Amino acid sequence: MKNLRKYREIWLLAAIAVLIGLISTRFPGFADPANLRQVFNDTSILMILALGQMVVILTRSIDLSMASNLCFTGMVVAMLNAAHPAIPIPVLIVIALLVGLVLGAINGLLVWRLNIPSIVVTLGTLTIYRGATFVVSGGAWVNADQMSPDFINFQRAAFLGLPVLSWIALLVIALFFVVMTRTQIGRSIYAIGVNPTASVYAGIDVGRTKFIVFCISGMIGGLAGYLWISRYVIASVEVANGYELNIIAACVIGGISIAGGIGSVGGAVLGALFLGIISNALPVINISPFWQMAISGSAIILAVVLNARGERRQGRIILRKAEAA
Amino acid sequence: AYAENVKIALVVKSLGNGFFDAANKGAEEAAKELGDVEVIYTGPTKATAEAQIEVINSLIAQKVNAIAVSANDADALVPVLKKAMERGITVISWDSGVAKEGRQLHLNPSDTGLIGETIIKLAADYLPEGGDVAILSASSTATNQNAWIEAAKKVLPEKFPKIKLVATVYGDDDSAKSTDEAKGLLKSYPNLKAIIAPTTVGVVAAAQVVTDANLIGKVNVTGLALPSEFKKFIDNGASQAVALWNPIDLGYSAIYLAHDLAVKKEEAKPGATLSIGRVGKVTLDDTNSAAMAPPFQFDKTNIEKFSKIY
Amino acid sequence: MTDAPHPRHIPDRLDKPLSSAIFSWEALLVVIAVLIFTVNSFASPYFLDPWSLSDLTFNFTEKALIALAMALLIISGEIDLSVAAIVALASTMMGIAVQAGAGTPVLVAIGIVVGLGCGAFNGLLVTRLGLPSIVVTIGTMSLFRGIAFIILGDQAYKGYPESFAFFGQGYVWWVFSFELSLFLVAALIYWFVLHRTSFGRRVFAIGNNPVACQFSGVRVDRIKFILFCLTGLMSGIASVLITSRLGSTRPSIAQGYELEAITMVVLGGVSILGGAGSILGVVLAAFIMGLVTFGLGLLNVPGIVMSIFIGLLLIIVIALPIVWRRLREGSFA
Amino acid sequence: MDTTAQHKVETERPLSGPAQPATPRLTLSGISKSFPGVRALHNVSLSLYPGQVTALIGENGAGKSTLVKIMTGIYQPDAGEISIDGEATTLHSAHAAFGHGITAIHQETVLFDDLSVAENIFLGHAPRTRFGTIDWRTMRKNAREVLETMRAGHIDADARLKDLGIANKHLVAVARAMSIDARIVIMDEPTAALSMKEIEELFLLIEFLKSEGKAVLFISHKFDEIYRIADRYTVFRDGEMVGEGLLKDAGQNEIVRMMVGRNVDHIFPQREPKIGAPVLSVSGLSHPTEFDDIGFELRKGEILGFYGLVGAGRSEVMQAISGITRTSRGTITLDGKPIAPKSAADSIEAGIVYVPEERGKQGVVIGMPIFQNVSLPSLMHTSKSGVLRLAEEFALARSYTERLDLRASSLSQDVGTLSGGNQQKVVIAKWLATAPKVIILDEPTKGIDIGSKAAVHGFMAELVAQGLSVIMVSSELPEILGMSDRVVVMREGRIAAVHDNKGLDAETLVRTAAGIAA
Ligand SMILES: Nc1ncnc2c1ncn2[C@@H]1O[C@H](COP(=O)(O)OP(=O)(O)OP(=O)(O)O)[C@@H](O)[C@H]1O
Ligand SMILES: Nc1ncnc2c1ncn2[C@@H]1O[C@H](COP(=O)(O)OP(=O)(O)OP(=O)(O)O)[C@@H](O)[C@H]1O
Ligand SMILES: [Mg+2]
Ligand SMILES: [Mg+2]
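These protein sequences, in sequence, are chains A, B, C and D. First residue of the first sequence? That's 1 in our numbering, and the numbers climb one at a time after it. First residue of the second sequence? That's 1001 in our numbering, and the numbers climb one at a time after it. First residue of the third sequence? That's 2001 in our numbering, and the numbers climb one at a time after it. First residue of the fourth sequence? That's 3001 in our numbering, and the numbers climb one at a time after it.
Quick caveat, the hints were computed from the structure, so don't treat them as lab data. Treat the hints with care, since some could be wrong.
Said to hold, decoys possible - Below, a sample of chain C positions facing chain D; criterion: calculated Cβ distance under 10 Å:
#, residue
1, H2009
2, D2012
3, K2158
4, P2161
5, S2198
6, G2200
7, R2202
8, F2204
9, Q2214
10, I2272
What the hints assert, rightly or not - Okay, derived cross-link-like pairs now, DSSO-like style, lysine-lysine, Cα gap no bigger than 30 Å in a straight line:
#, chain 1, residue 1, chain 2, residue 2
11, B, K1162, B, K1083
12, D, K3502, D, K3446
13, C, K2158, B, K1159
14, B, K1121, C, K2158
15, B, K1083, C, K2158
These numbers were taken from a predicted model, which means no experiment stands behind them. Ideal placement from N, C-alpha and C gives every residue a C-beta, glycine not left out.
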């Protein structure tokens, strides 16, 4: 069992390889490195978001407001860019991170200080943040024409053969990997998910850690906001509507346990890739787009069934221990 | 004769869409001309029938005089609009129509067949040798888009025999989904010469995808686009030309017609001719529908000018 | 010698201070409802009209019917995010039946049976395979609606029989629509089941500690399965109503209803963690949400701005008792 | 695995330091703590001395665990002062207590199932690399070292905690305490889940801690343990401190009097067993992984003891008989009729009830009032065609809880606010209320104070006198010897022996349980 858990990422990788193989039989070019690079780039935003959601889910919480945060922050930076095209992009990214941080911190404070379950808090802020987007924009869209060329092209610039967007994703993945495996806060996040009571006893400030986790997911939402808007070159109130569930689905497929404490950076990334490949492949292999929803739904159910299999406790096996002794 | 203003609600598919904001400009213009009209510009934020019904319910409660609606669903709005008519409210539809029994008249932005032909022609004009084209539509349930695509398919064999329509995909008027679908088209059809997007959201997404993929000059993006949103892609060459009717005129006419029916008690019946201020006159066909001007084409020569207007 | 231990008398219940009744959740909701009602009637001259008020109920009755069953499900510690997708699938199946010439009774039966079937499917996955319901229903949410899309594609079904229109558009008496009457009756039944029967008691117990319940001879899986079926059933009924009200079916019908139904349940004071809540609270919450959206609608406030109010209301109403208690104890951290 | 090795060095060291060391390491004075409606602690004091073990004694609900939580920074006292090495401090968080070298093994095991052993030991104070990141390699090495010094080297530092047995988990908890170089070690009923062998190991460890000069607080309801290991005692009653001193100066009776406020002589009830025909017979009962070929008979009016080391599989067998876990083979006959319960509901209906040992997880429904807990398995009797009848529920709850001398302010109180022992009484009341034929009690007096223990034992005697049959699973020898008519001994998932309890001695039982030939 230890093995299955240890190699969950490898299983997922194998599933992805099989998926790519299957797609290639119908569309030979799919497995080309160039195409795969593009699929990776197309999935970058989802991967980043899934990582942000992962840290929240690991603490037995959930952030339903990520997509709304993305929408709000994206609108804010798009409007800033439209009004002041001279603001350099790195500054805009910092602003996006900060705006996202504020929204995440609001979630975090409510969870931490008032002890309201995160699903309730973020169900509320899900609608509030999207509504706030309408309020700040007056309902108007910001379209490609209003955005500066830098704003649009920053993430598209190629650097060592990969677009900047892909590099940002790789950077975020590396950052999360280090934080989750090598730092006190990363381990505390796991500990809280595994056993909150024990965490209190171990001297971890559970409330504050949850606050931090929501700040992280908020910043990720903000970053994704800029990336999303500059990628799809339109900022509107409807941006990424309902996308929160895709993010959670990526986490679930990646083996992150909704009950907290179990999951890895690799899993979240692969889960996002899996969904990314499906949405990338369906149009090219001529499966009617109407099938897409049912297919990803089935994939989620399948993934959770398989993960549960791997997680299932095998009893204490008194007899076998007795024989071994 | 009216002590207070005539309240006419301009109900749109969704708020924030530049096309409808432009239509509202026209509506306000009409209101000013008519003098006694108060326009209530409203609609849901999410383009669904249910949300539109809630909006219409509150308009009924406010006892507005007329409702002019661009419908998210031709059939689902019928019951609530019938209720409105029963309570003495004038109901017309414009842009995206409601089934006949749910409104007194429908104002088409243009002739459906003409739009279908135009979107193909926009692609064909720049493909003298012919070639593969694909359509990127809005949501699969959008009535008007579906009608145009039908019409386009009908004219293809006789009028544009060299153009081959290889696929029709749906971007749901969602920029992310439209982008994915446009990308998929480029991948699956390496010989694709043009993407036709009869939707203002999809056409921008497709043009951006073509720009990103460095296919400017190889794949032409065309369809229905709002000049102010699309200027960039005419400028950079991702698109040679697009078309659209004038949303300002559309909103203007909708208010005029609603006002005529509500106040002047004009009767909407087949064959009737109604005048709509500066736009002229329309004649109702046997489904009580009227069509406005043919779509107007934008290209390098005139986009600058129109992008300042709508 | 062992002194005989005197059995101490334990009273049934301690007299509760009046303040605890005044500060109960339902009381808070009543106050809020009255407040909103008053504000609305001042803000718009059109509000206090029986027909307006009747129209207002159409904004929430379908979701509220789902919320009744959802309340029980959430109290038992589970959740169903697929309800809106069930509505869509059931509506699609009714559409197919209409195409085949089915009459009203058959249509209603199909809507209900499909809803029940979808609920049972969720229930089986959750109870048989022991999967977390939030994840299962995120999956079935895509699956059910996905099937509706596969069947319908870009089509719509219409041509429902005249008599079918009664469910979503008809009135039972004066301004009392069929939808509203059905909701009130259903609320009464759910109230009785949850608060007055042993089944309801077990639902609460399961939400608090499913393992101890299993050891105590409560058939936990069976009850959870029934609750999923009930939620499916109510979604099926809601599907009949909404299909009848719209007179047509599209695969994108009822989008986003799941979150609104859950918001109603949570606003009604049901603990999202399970184990606590009341039907009265849910009913009040449904009316409050209806009043807010309708009141703002009369002022032509866009729906998305209304949703800010709902979101704020949700957080404030839940935070209020906590803040109040902390302030009183002076222990605001 | 060699866990039974003796460790001469430690045991040969002189026990305990000077009789009255100069300064206490930790002093609590005037501590009070109330929860809504409950005064848990009122003006209590306690001192812990380096190199000494202080036993904290008190009935269930006396406030012992509450005090532990105050000492570890989890709860804040309403009033009172804490000083460490003579210096007043506040312990505003668990982290702060940690910083002062205070560490606790809590009443409930509180560790991280899904993390590795090494991480469980070092979570929160892991060694760092020079970049400030966690140094996993050093952490593993240090973990192995700590485990070595505790003579627990057989525990793999890389193993997931959930793959360890309960005793090893306890050792990990202790290792965690050792790893921070704690100066004050608190153990809240650490022996409740341990077998005799493991208790011995734990005692060696406590001796080791003493020799290292740590101050130890030891909480237990078992007097033999207290007298063996502790130097000093402090007694609480109803949240107040009623006595303290050196154990060698105080007799058990004296302490019990302080604790209960009256005399209690725990003599097992004298019974005249009237054993009848077999009621329950089990044969060939097997489970794929947990137990094999279990067969025994339970007769009317009999108390059948089940003895074994912790982890022998007794609980699993009982859960199988009551339909909670599935078996692969075997038959169960009740009153001559074969039954095959598929759930606890089936077995309760048939007349077999199982009172589980894990009170918090399997027994009480926290968040619900006492009376609803008691009536939960009997709802079909207290309701009429599914409709609840509250008056009957209250009557049922009252009759059983009062007989067990439950301490509660009202029957509508949330069970979660009761002390551990009182919760256990609710649990027992709950299953008795179903009026069963056969009642299986799994560790019925685990965590129960001496007065209530007598009540439970008396009650068991009463039950069998009325013609019920009782299976009592227990790891406590005196209880097994004092109460059972016959004793089944289990070892490693199989029945090792069945003894008649006439002239049965502890030694024989322990030997069969451990598999050591006489
Ligand atoms: N979180 C809480 N909320 C309310 N009351 C509590 C809480 N924790 C403890 N109590 C009450 O405080 C009193 C002391 O409980 P505590 O757990 O300290 O007892 P204890 O001495 O450890 O008993 P036991 O031997 O049964 O473990 C009890 O009356 C208990 O009901
Ligand atoms: N590996 C383990 N992980 C967690 N808890 C365990 C483990 N082994 C035993 N326990 C716990 O220790 C306690 C006693 O052990 P358990 O019930 O498994 O042994 P048993 O032989 O079946 O029963 P008994 O202790 O009554 O003999 C229970 O609370 C059980 O949950
Ligand atoms: Mg205790
Ligand atoms: Mg046991």
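Looking back at the numbered hints, which does the structure fail to meet, lowest number first? 3, 4, 10, 11, 13 and 14
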